[in-house]
Amino acid sequence: MNYSCSRYELKCNECGKRYGNQPLSACPDCLYPLELAYDLDAARGIFTKENIAIGPANIWRYISLLPIPEGFQPDLPVGFTPLVRATNLGKRIGATNLYVKNDAVCFPTLSFKDRVVSVALANARKFGFDTVGCSSTGNLANAVAAQAARLGLKATILVPTDLEPAKILNTQVYGARLVRIDGNYDHVNRLCTQIADEYNWGFVNVNLRPYYAEGSKTVGFEIAEQLGWRLPDNVVVPMAGGSLIRKIRKAFNELIYLGLVEDKPTRFFGAQATGCSPISTAVKQGTDEVIPQRPNTIARSLAIGNPADGPAASRMIRDSGGWAEDVSDVEVVSGIQELAETEGIFTETAGGVTTAVTARLYADGRISRDQITISCITGNGLKTTDALAGHYQQERAVRPRLADFDAYIRELDGTHETELATAGAN
Amino acid sequence: MSIKVTLPAAFTRHTDGRKHFDSAAQNLPGLLVDIDQTFPALSTQIKGDDGKLRRFINIYVNDEDIRFLGGETYAFQDGDEVMLIPSIAGGRG
Numbered sequence: 001m002n003y004s005c006s007r008y009e010l011k012c013n014e015c016g017k018r019y020g021n022q023p024l025s026a027c028p029d030c031l032y033p034l035e036l037a038y039d040l041d042a043a044r045g046i047f048t049k050e051n052i053a054i055g056p057a058n059i060w061r062y063i064s065l066l067p068i069p070e071g072f073q074p075d076l077p078v079g080f081t082p083l084v085r086a087t088n089l090g091k092r093i094g095a096t097n098l099y100v101k102n103d104a105v106c107f108p109t110l111s112f113k114d115r116v117v118s119v120a121l122a123n124a125r126k127f128g129f130d131t132v133g134c135s136s137t138g139n140l141a142n143a144v145a146a147q148a149a150r151l152g153l154k155a156t157i158l159v160p161t162d163l164e165p166a167k168i169l170n171t172q173v174y175g176a177r178l179v180r181i182d183g184n185y186d187h188v189n190r191l192c193t194q195i196a197d198e199y200n201w202g203f204v205n206v207n208l209r210p211y212y213a214e215g216s217k218t219v220g221f222e223i224a225e226q227l228g229w230r231l232p233d234n235v236v237v238p239m240a241g242g243s244l245i246r247k248i249r250k251a252f253n254e255l256i257y258l259g260l261v262e263d264k265p266t267r268f269f270g271a272q273a274t275g276c277s278p279i280s281t282a283v284k285q286g287t288d289e290v291i292p293q294r295p296n297t298i299a300r301s302l303a304i305g306n307p308a309d310g311p312a313a314s315r316m317i318r319d320s321g322g323w324a325e326d327v328s329d330v331e332v333v334s335g336i337q338e339l340a341e342t343e344g345i346f347t348e349t350a351g352g353v354t355t356a357v358t359a360r361l362y363a364d365g366r367i368s369r370d371q372i373t374i375s376c377i378t379g380n381g382l383k384t385t386d387a388l389a390g391h392y393q394q395e396r397a398v399r400p401r402l403a404d405f406d407a408y409i410r411e412l413d414g415t416h417e418t419e420l421a422t423a424g425a426n
Numbered sequence: 427m428s429i430k431v432t433l434p435a436a437f438t439r440h441t442d443g444r445k446h447f448d449s450a451a452q453n454l455p456g457l458l459v460d461i462d463q464t465f466p467a468l469s470t471q472i473k474g475d476d477g478k479l480r481r482f483i484n485i486y487v488n489d490e491d492i493r494f495l496g497g498e499t500y501a502f503q504d505g506d507e508v509m510l511i512p513s514i515a516g517g518r519g
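Taken in order, these protein sequences are the chains called Z and C.
Anchor point for the first sequence: position 227 equals 227 in the working numbering, and the numbering is continuous, going up by one each time.
In the working numbering, each residue's number is its place in the second sequence (first place is 1) plus 426.
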């Protein structure tokens with residue numbers, strides 16, 4: 001149930017004790033959350049631009065700063081998703097240097113959770129677990145189910161009762177055991193901490209959490225590399241538990257320490273839905289104290305009312321000179337539509353949150369138009385199509401005749417027959 | 427009046443392996459005093475230098491976060507099931 005490794009090990013950042021490598025998330029002495037500490041100096045000379053450039057086109061090009069046990073050969077091409085220059089969206093919201101980091105197309109299950117799960121399950125294997133699981137708002141469930149199937153691990157996944165049907169189906173199809181819990185995510189998460197005490201299972205976001213969370217760093221590594229090994233001025237990140245935004249920062253700090261990028265005071269901006277905004281509320285009030293909320297938003301993948309990393313995220317955002325915003329469910333839907341209509345990227349509700357918050361930050365002058373800004377899109381719109389229910393009508397079927405088609409288009413456009421005739425003559 | 431208190435495995439090294447105990451505490455401060463007397467080592471573990479409960483411990487009463495019920499001012503009811511659970515997070519940095 002434990003292994004030794006010279007590259008990394010668990011460390012308590014509060015009392016400084018080290019715990020080797022084992023399935024453990026909190027310091028037994030002071031209960032502070034554990035995190036992985038690397039021997040960064042040993043990585044110097046290994047984690048170089050040249051070595052990374054000849055690595056595979058996925059997150060494993062960064063393997064020397066990921067907690068992957070010796071002997072484990074990751075073969076899933078996870079991550080290395082496109083960093084897209086968002087010129088059209090930029091025009092709409094007043095930005096000239098805006099990029100979208102598009103994890104809506106992350107392999108294999110179309111969300112950034114594929115990154116964290118691949119790192120967690122490598123360790124689950126090493127620790128000897130034959131069953132893995134998670135508490136999930138959906139994307140994590142999909143990622144654990146798919147990757148567990150491929151690794152031959154059994155999966156038991158707990159989700160809140162009101163999860164979107166697509167996310168449930170996208171878990172069950174891989175053969176995972178899915179348990180719906182009559183409660184919200186915070187109820188599910190609490191139950192999972194109890195289950196992890198009683199069952200010998202590897203819960204990716206409970207007892208494997210320190211390993212799992214490290215996978216999020218790859219978003220930061222990729223952003224820097226895709227910008228030509230430089231850091232952006234601003235990063236806008238959706239917040240649920242508050243882990244991703246901190247790990248992007250950790251990635252940037254590691255790159256600075258190892259000299260792969262020039263030091264730059266990147267500002268971090270958090271995005272939440274107003275119906276579940278404990279972290280953005282704390283940021284706005286200038287405090288680390290995160291007051292739990294009962295979630296009520298269509299952005300269910302962000303609906304964590306008692307975010308475990310909330311206090312640390314709030315502090316980090318404020319220390320960076322950034323800010324956090326939250327937007328209404330109406331704005332979430334508009335955000336989804338705006339990103340799709342301008343950049344051809346269909347994101348889920350969480351991406352609607354991020355896009356709408358990004359627009360707000362420009363409108364409020366918190367981000368100036370020419371700064372290099374990354375908007376992190378973390379999930380795919382095909383999983384939350386119910387959020388768009390009623391926004392698009394199913395049109396009537398048209399007979400397969402040109403005249404009928406002409407008439408139909410005229411009807412849609414509200415144009416006159418003479419205009420079309422003129423256009424046709426040209 | 428009595429409440430049932432449940433502890434996570436991480437705390438049981440200070441309670442001779444006991445995961446459950448009953449308490450006559452009237453509220454959360456009362457429960458902490460009770461733990462102080464019954465399991466002094468546990469008390470040291472769950473309280474910071476300021477004598478307050480550490481931030482990384484969540485308290486639930488019958489499945490509800492005690493902060494939704496009024497926190498320290500909530501008056502325990504007979505038969506309440508009270509759980510102490512460390513919050514799981516990634517640390518600072």
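Simulated from the structure, these hints should not be mistaken for lab results.
Only a predicted model underlies this, so the values are computations on that prediction, with no experimental measurement involved.
Any given hint could turn out to be false.
[Claimed, not checked] Stretches of chain Z that chain C covers, calculated by requiring three or more beta carbons in the stretch to come under 8 angstroms of a beta carbon on chain C:
#, region
1, 31-39
2, 178-190
3, 291-305
4, 353-366
[To be verified] List of simulated lysine to aspartate or glutamate pairs, EDC-like, C-alpha gap at most 20 angstroms:
#, chain 1, residue 1, chain 2, residue 2
5, C, Lys478, C, Asp462
6, C, Lys473, Z, Asp29
7, C, Lys478, C, Asp504
8, Z, Lys250, Z, Asp288
9, C, Lys478, Z, Glu198
10, Z, Lys91, Z, Asp288
11, C, Lys473, Z, Asp288
12, C, Lys445, C, Glu507
13, Z, Lys154, Z, Asp197
14, C, Lys430, C, Asp475
15, Z, Lys250, Z, Asp319
16, C, Lys430, C, Asp442
17, C, Lys430, Z, Glu198
18, C, Lys473, Z, Glu14
19, C, Lys445, C, Asp506
20, C, Lys430, Z, Glu225
21, C, Lys445, C, Asp460
22, C, Lys478, Z, Asp29
23, Z, Lys250, Z, Asp29
24, C, Lys430, C, Asp489
25, Z, Lys91, Z, Glu289
26, C, Lys445, Z, Asp197
27, C, Lys445, C, Asp489
28, Z, Lys11, Z, Glu50
29, Z, Lys154, Z, Asp29
30, C, Lys445, Z, Asp75
31, C, Lys478, Z, Asp233
32, C, Lys473, Z, Glu289
33, Z, Lys17, C, Asp506
34, C, Lys478, Z, Glu14
35, Z, Lys264, Z, Asp233
36, C, Lys445, Z, Glu14
[Claimed, not checked] Far from chain C, some chain Z residues (derived; all Cβ distances over 12 angstroms):
#, residue
37, Tyr3
38, Lys49
39, Ala57
40, Pro82
Backbone N, C-alpha and C define an ideal beta-carbon position, used for all residues, glycine too.
Status of the hints after comparison with the structure:
no.	hint	verdict
1	31-39	holds (count 5)
2	178-190	holds (count 5)
3	291-305	holds (count 3)
4	353-366	violated (count 0)
5	C:Lys478 with C:Asp462	holds, 12 angstroms
6	C:Lys473 with Z:Asp29	holds, 11 angstroms
7	C:Lys478 with C:Asp504	violated, 25 angstroms
8	Z:Lys250 with Z:Asp288	holds, 19 angstroms
9	C:Lys478 with Z:Glu198	violated, 29 angstroms
10	Z:Lys91 with Z:Asp288	violated, 35 angstroms
11	C:Lys473 with Z:Asp288	holds, 19 angstroms
12	C:Lys445 with C:Glu507	holds, 13 angstroms
13	Z:Lys154 with Z:Asp197	holds, 18 angstroms
14	C:Lys430 with C:Asp475	violated, 27 angstroms
15	Z:Lys250 with Z:Asp319	holds, 14 angstroms
16	C:Lys430 with C:Asp442	holds, 17 angstroms
17	C:Lys430 with Z:Glu198	holds, 19 angstroms
18	C:Lys473 with Z:Glu14	holds, 14 angstroms
19	C:Lys445 with C:Asp506	holds, 16 angstroms
20	C:Lys430 with Z:Glu225	violated, 54 angstroms
21	C:Lys445 with C:Asp460	holds, 15 angstroms
22	C:Lys478 with Z:Asp29	holds, 16 angstroms
23	Z:Lys250 with Z:Asp29	violated, 25 angstroms
24	C:Lys430 with C:Asp489	holds, 13 angstroms
25	Z:Lys91 with Z:Glu289	violated, 37 angstroms
26	C:Lys445 with Z:Asp197	holds, 11 angstroms
27	C:Lys445 with C:Asp489	holds, 17 angstroms
28	Z:Lys11 with Z:Glu50	violated, 30 angstroms
29	Z:Lys154 with Z:Asp29	violated, 32 angstroms
30	C:Lys445 with Z:Asp75	violated, 42 angstroms
31	C:Lys478 with Z:Asp233	violated, 39 angstroms
32	C:Lys473 with Z:Glu289	holds, 17 angstroms
33	Z:Lys17 with C:Asp506	violated, 36 angstroms
34	C:Lys478 with Z:Glu14	holds, 17 angstroms
35	Z:Lys264 with Z:Asp233	holds, 8 angstroms
36	C:Lys445 with Z:Glu14	violated, 26 angstroms
37	Tyr3	holds, 21 angstroms
38	Lys49	holds, 24 angstroms
39	Ala57	holds, 28 angstroms
40	Pro82	holds, 27 angstroms
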